[in-house]
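Student: So in this note's numbering, spot 9 of the sequence shown is number 779, and the numbers just go up one at a time.
These aren't lab readings, by the way, just hints derived from the structure by calculation.
If you're wondering where the values come from, they're calculated on a predicted model, not measured in any experiment.
All the given hints hold, so there is nothing to weed out.
Straight-line alpha carbon distances no greater than 25 Å define the calculated DSS-like cross-link-like pairs of lysine-lysine that follow:
| # | residue 1 | residue 2 |
| --- | --- | --- |
| 1 | 872 | 910 |
| 2 | 852 | 831 |
| 3 | 810 | 795 |
| 4 | 814 | 907 |
| 5 | 872 | 845 |
Beta-carbon label-pair distances, calculated as ranges:
| # | residue 1 | residue 2 | range |
| --- | --- | --- | --- |
| 6 | 879 | 803 | 48 to 56 Å |
| 7 | 791 | 816 | 15 to 23 Å |
| 8 | 880 | 792 | 35 to 43 Å |
| 9 | 852 | 783 | 23 to 31 Å |
| 10 | 893 | 787 | 38 to 46 Å |
| 11 | 787 | 842 | 38 to 46 Å |
| 12 | 801 | 776 | 17 to 25 Å |
| 13 | 859 | 774 | 30 to 38 Å |
Heads up, the beta-carbon is just placed ideally off N, CA and C, and yes, glycines get one too.
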Amino acid sequence: MDEIDQNILLYLQENARLSFTQLGKLVGLSTPAVNERVKKLEEKNILDGYRAIINPENFNKPVTAFILYSNTKCKQFVEYCKEHPEVIECHRLAGQYNYLVKVLTNSVQSLETFIDESMAFGEPSTLIKLSSPVVYKAIK
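Sequences are here, hints too, so could you generate the full structure?
Tutor: See below:
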């Protein structure tokens, strides 16, 4: 992967809706050349999809919590997270905790309900987001 590929990735991380023509102007390549490079990045799974970023507060999900879990029911817990609509991320960890889960809810009460239900799988330690000084940072 050369510097042009890295620049393509940086621009797409900032705005995945850029056309290949616009992207070509930014990196100094023709539209077909950009198309070919993006296709290769996708084939190598370096570029792994395109997503819309939704503002949770404007989507009636103003409460964000990060919950650490120590548990022994790993398979059941993962299935629970996959099926629960308020879980938007679940990460397996090494160390004191087994999992880190990111949850979006519409209220503190619904967060409390989620925590109560999830205690069937292990001991939670909950952190509620106050603000996000760095929301998204492109991978370089």
